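> Those protein sequences? They're chains Z and B, same order as listed. Counted the way numbering that gives the first Met the number 0 counts, the first sequence spans residues 0 to 460. Counted the way numbering that gives the first Met the number 0 counts, the second sequence spans residues 0 to 460.
Simulated from the structure, these hints should not be mistaken for lab results. These numbers come from a predicted model, not from an experiment. One or more of the hints may lead you astray.
Keeping only pairs whose Cα atoms sit at most 30 Å apart, straight-line, the calculated BS3-like set for lysine-lysine is [what the hints assert, rightly or not]:
| no. | chain 1 | residue 1 | chain 2 | residue 2 |
| --- | --- | --- | --- | --- |
| 1 | B | K321 | Z | K414 |
| 2 | Z | K321 | B | K414 |
| 3 | Z | K321 | B | K142 |
Example chain Z residues on the side facing chain B (calculated, C-beta under 8 Å, incomplete) [said to hold, decoys possible]:
| no. | residue |
| --- | --- |
| 4 | T35 |
| 5 | G222 |
| 6 | S286 |
| 7 | H287 |
| 8 | F320 |
A virtual CB, placed ideally from N, CA and C, is assigned to each residue, including glycine.
There are 2 protein chains.
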Amino acid sequence: MGKETRLDDILTQLDAGLDAALDRLLRFLEIPSISTDPAHAGDVRAAASWLAAELEELGFAVQVHDTPGHPMVTARSEPGGARPLLFYGHYDVQPVDPLALWDRPPFQPALEDTPQGRVIRGRGASDDKGQLMTFVEAFRAWKAVHGALPSDLILLFEGEEESGSPSLRPFLEAHAGDLRADLAIICDTARYADGRPAITTQLRGLVGQEVVVHAADRDLHSGSFGGLAANPIMILAQALAALKDDTGRVTLPGFYDGVQDLSPELTRDWQALDFDAAEYLGRVGLSHPIGEVGRTALEMVWNQPTAEINGIAGGYAGDGFKTVLPAMARAKVSFRLTGTQDPQAVRRAFQEHVRRCVPADCRVEFHDHGASPASVMDISDPAFGQAREALGAEWGRDAAYIGAGGSIPIAGDFKQLLGIDSMLIGFARDDDRIHSPNEKYDVESFAKGARSWARILSALR
Amino acid sequence: MGKETRLDDILTQLDAGLDAALDRLLRFLEIPSISTDPAHAGDVRAAASWLAAELEELGFAVQVHDTPGHPMVTARSEPGGARPLLFYGHYDVQPVDPLALWDRPPFQPALEDTPQGRVIRGRGASDDKGQLMTFVEAFRAWKAVHGALPSDLILLFEGEEESGSPSLRPFLEAHAGDLRADLAIICDTARYADGRPAITTQLRGLVGQEVVVHAADRDLHSGSFGGLAANPIMILAQALAALKDDTGRVTLPGFYDGVQDLSPELTRDWQALDFDAAEYLGRVGLSHPIGEVGRTALEMVWNQPTAEINGIAGGYAGDGFKTVLPAMARAKVSFRLTGTQDPQAVRRAFQEHVRRCVPADCRVEFHDHGASPASVMDISDPAFGQAREALGAEWGRDAAYIGAGGSIPIAGDFKQLLGIDSMLIGFARDDDRIHSPNEKYDVESFAKGARSWARILSALR
Chain Z
0 MGKETRLDDI
10 LTQLDAGLDA
20 ALDRLLRFLE
30 IPSISTDPAH
40 AGDVRAAASW
50 LAAELEELGF
60 AVQVHDTPGH
70 PMVTARSEPG
80 GARPLLFYGH
90 YDVQPVDPLA
100 LWDRPPFQPA
110 LEDTPQGRVI
120 RGRGASDDKG
130 QLMTFVEAFR
140 AWKAVHGALP
150 SDLILLFEGE
160 EESGSPSLRP
170 FLEAHAGDLR
180 ADLAIICDTA
190 RYADGRPAIT
200 TQLRGLVGQE
210 VVVHAADRDL
220 HSGSFGGLAA
230 NPIMILAQAL
240 AALKDDTGRV
250 TLPGFYDGVQ
260 DLSPELTRDW
270 QALDFDAAEY
280 LGRVGLSHPI
290 GEVGRTALEM
300 VWNQPTAEIN
310 GIAGGYAGDG
320 FKTVLPAMAR
330 AKVSFRLTGT
340 QDPQAVRRAF
350 QEHVRRCVPA
360 DCRVEFHDHG
370 ASPASVMDIS
380 DPAFGQAREA
390 LGAEWGRDAA
400 YIGAGGSIPI
410 AGDFKQLLGI
420 DSMLIGFARD
430 DDRIHSPNEK
440 YDVESFAKGA
450 RSWARILSAL
460 R
Chain B
0 MGKETRLDDI
10 LTQLDAGLDA
20 ALDRLLRFLE
30 IPSISTDPAH
40 AGDVRAAASW
50 LAAELEELGF
60 AVQVHDTPGH
70 PMVTARSEPG
80 GARPLLFYGH
90 YDVQPVDPLA
100 LWDRPPFQPA
110 LEDTPQGRVI
120 RGRGASDDKG
130 QLMTFVEAFR
140 AWKAVHGALP
150 SDLILLFEGE
160 EESGSPSLRP
170 FLEAHAGDLR
180 ADLAIICDTA
190 RYADGRPAIT
200 TQLRGLVGQE
210 VVVHAADRDL
220 HSGSFGGLAA
230 NPIMILAQAL
240 AALKDDTGRV
250 TLPGFYDGVQ
260 DLSPELTRDW
270 QALDFDAAEY
280 LGRVGLSHPI
290 GEVGRTALEM
300 VWNQPTAEIN
310 GIAGGYAGDG
320 FKTVLPAMAR
330 AKVSFRLTGT
340 QDPQAVRRAF
350 QEHVRRCVPA
360 DCRVEFHDHG
370 ASPASVMDIS
380 DPAFGQAREA
390 LGAEWGRDAA
400 YIGAGGSIPI
410 AGDFKQLLGI
420 DSMLIGFARD
430 DDRIHSPNEK
440 YDVESFAKGA
450 RSWARILSAL
460 R
């Protein structure tokens, strides 16, 4: 039989096995693997064991690795001379507070019929157990049809994604040889807002910087010192205000080094998304896109860097009024990066700018938070075109290459520590309520997600 | 006997009676008249009664007026065709927290010998019971020598000064006819920093304004919305930063209307104070005076208006980092006013400025706090020259006309509701620790303070 026919068999197998697959997912969702809560450490391990058992049954060579935190589950299929692919997902989940807002116990998952269709309701349904299981069900159906797993698969399932992944980078460093594939495939993202399938091909990087301006060695009375003594809030406000010019451009010298204009291909793709900035902003009560004059809204969110103030505090901001000149003021500032912008160079440029704004008798203190470059995948890799075609066939509409305004640290880690790009494909919806009460995953996302992987695997194997 | 001789007798009488006067003050200080604490309401009333009894014994016609808060004590001497004078002080005190930092119980006052001289230690010793009693002891000595009180005195002693004086303005309005004098004399200020006697002839006014900038109707993720959605912290920072130009001048249109350059007389006087801005700032860890280029430091603090940010808050400013675009940001801003600056015009100009900085899809909310004009006394009133001469004679050094960077609301209230200027003379020292643990009043301040009032009364009667 030819490849086409076998794919059809796999898809038929998936459809026939959907109820059993949903049952398995419900069992997985019953395990309260909340990684951030030490009281659930045993449950996190139980989820790892459950997953390891599933994978072993399918014929993978499985290992559950202890770490200083929660276990890493790795699994490998037989080598077969194909391009090695590294599949990533995570089996831990977010806490469930506030519990009172759940319509059902978060770890007693169930299928529910809703006006928008049938959904799987429960903590982790979408993020990320349901998505992770789309991989597993595709592998299972492949095995049922072919009698063997696809060759050259490496699986990495993490149990700390929702608690900052403290063990991930050391683990990747220690096992880089075993994990090095040609491409990583990550299922932890969503379809495009309108439901069409999407491949995320670029992610913004992030530099986080805290700045504290110190003036007098104590709080001063504004009657006795106002007009004479430096006010650290004003110094900070002036330094931060000067970060952008009237056209919305960031003023730091060299800030735009490495920022690349969008390629004609992505320009066309993004235009086809018909992104409605007014509708997007309207959902949160705004109407007017800010940002550099002359850029489209999607460019601003996905392909342009930002300078944002995320927090500020100084002096007395409670009820009433206090005529104080405070001793200090602080702000948290972040920069989203694109292209090949250098996080350390951006940090330095910001610090130098602030230092220039601070008078000689005042002092500035910096606390560095994260620094990661943007991830821009090489979409000339044929895998991207093949995956895109496979997704289009499954969903009956063109798959989109999209960007993401936020960072997904795992993609940066794979690039930095394993030297490989990631193909980010996920089937979640914006209304899945991940991290919130009443999390759900559409049965359509789950069923067609697994079918999508069967098609992609078929194209890549 | 001539006036001179009687003054000498009064001064002799004061010196001879100092120990008894100190005893009386210690009894007064034993009453814990903390006005802000409802548990001490009875003590506040007890202090009013104690004072009323003292004044009655001296021959004043005394009234203790109930108010919605604490009592007002008023007292009058006989009319005699002299210029009526209104003496003001307050008999309530600040709370004593933190109690553990006191070297002795705050309401078990005592005389203490210190390397800097003999002091009266206890809550209220300086602020304001000790200062208030300098009036009373001067009246007592006058009566002892003359057989009668000075004529045409009106006394007003308040019990709510340390808790915002909520009953004061209604009381002044209701009793304006009875209280209207030619001049108010207030004993609630300090000598100049170097210890020379001083008359405060101008006080800055104050406008307090809270501003809240609202952007999105919820906190946003800076990955999903950064670069596209308005950031209220940035809007606020830009609006506040623009309040001052590079030379330190406030940029609000019309802001300087009514600000007056210092008269040649006060320019000379203030220069003679040898104010050392470097020393003054050095005490709080600073060295560089800010403010409008070309102004002296004393001008900046006493005769120039200010625009200061007293508090700011928005987004996440705690430990760690949160990539949030907050829904709102707020700041508390105050303006110190001089000359005839109109508080309402300043408030309007600020609000209009902020509104111009806020994009159409965002919203700004203002909360008005206090608004009081500057108080500039008419020092051509002969009483000022006479008081200055009397102080010089007592202290053996020229008395200074000084300004105050802060406002003293009672002076504005007297001006507004009774139509009279105030002569602010006090004997406190900068190191008296008012409002703090271990408050003290120098015995020298008390003794020479009472003698100063005897001299001033003698000159004005």
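> Return the status of the interface hint for Z:S286: holds when the least beta-carbon distance to chain B is below 8 Å, violated otherwise.
Holds. Min distance 4 Å.
> Within 30 Å, alpha carbon to alpha carbon, are Z:K321 and B:K414?
Holds: Z:K321 and B:K414 sit about 24 Å apart, inside 30 Å.
> Starting from Z:K321, check that the Cα of B:K142 is at most 30 Å away, please.
44 Å, violated
> Below or equal to 30 Å on CA atoms is what counts here, so check B:K321 against Z:K414.
At roughly 24 Å apart (the allowed maximum being 30 Å), Z:K414 and B:K321 satisfy the hint.
> Would the hint on Z:G222 stand, with a C-beta cut-off of 8 Å toward chain B?
This hint holds: Z:G222 lies near chain B, its Cβ roughly 2 Å from the closest one there, short of 8 Å.
> Identify whether the interface hint at Z:H287 stands, where standing means a beta carbon of chain B within less than 8 Å of its own.
Since the shortest Cβ distance to chain B is 4 Å, the answer is holds.
> Hint validation: Z:F320 versus chain B, beta carbon distance must be below 8 Å. Holds or violated?
4 Å, holds
> Hint Z:T35 vs chain B: min CB-CB distance below 8 Å?
With a minimum Cβ separation of about 14 Å from chain B (threshold 8 Å), the hint on Z:T35 is violated.
This entry does not satisfy hints 3, 4, going by the numbered hints stated previously.
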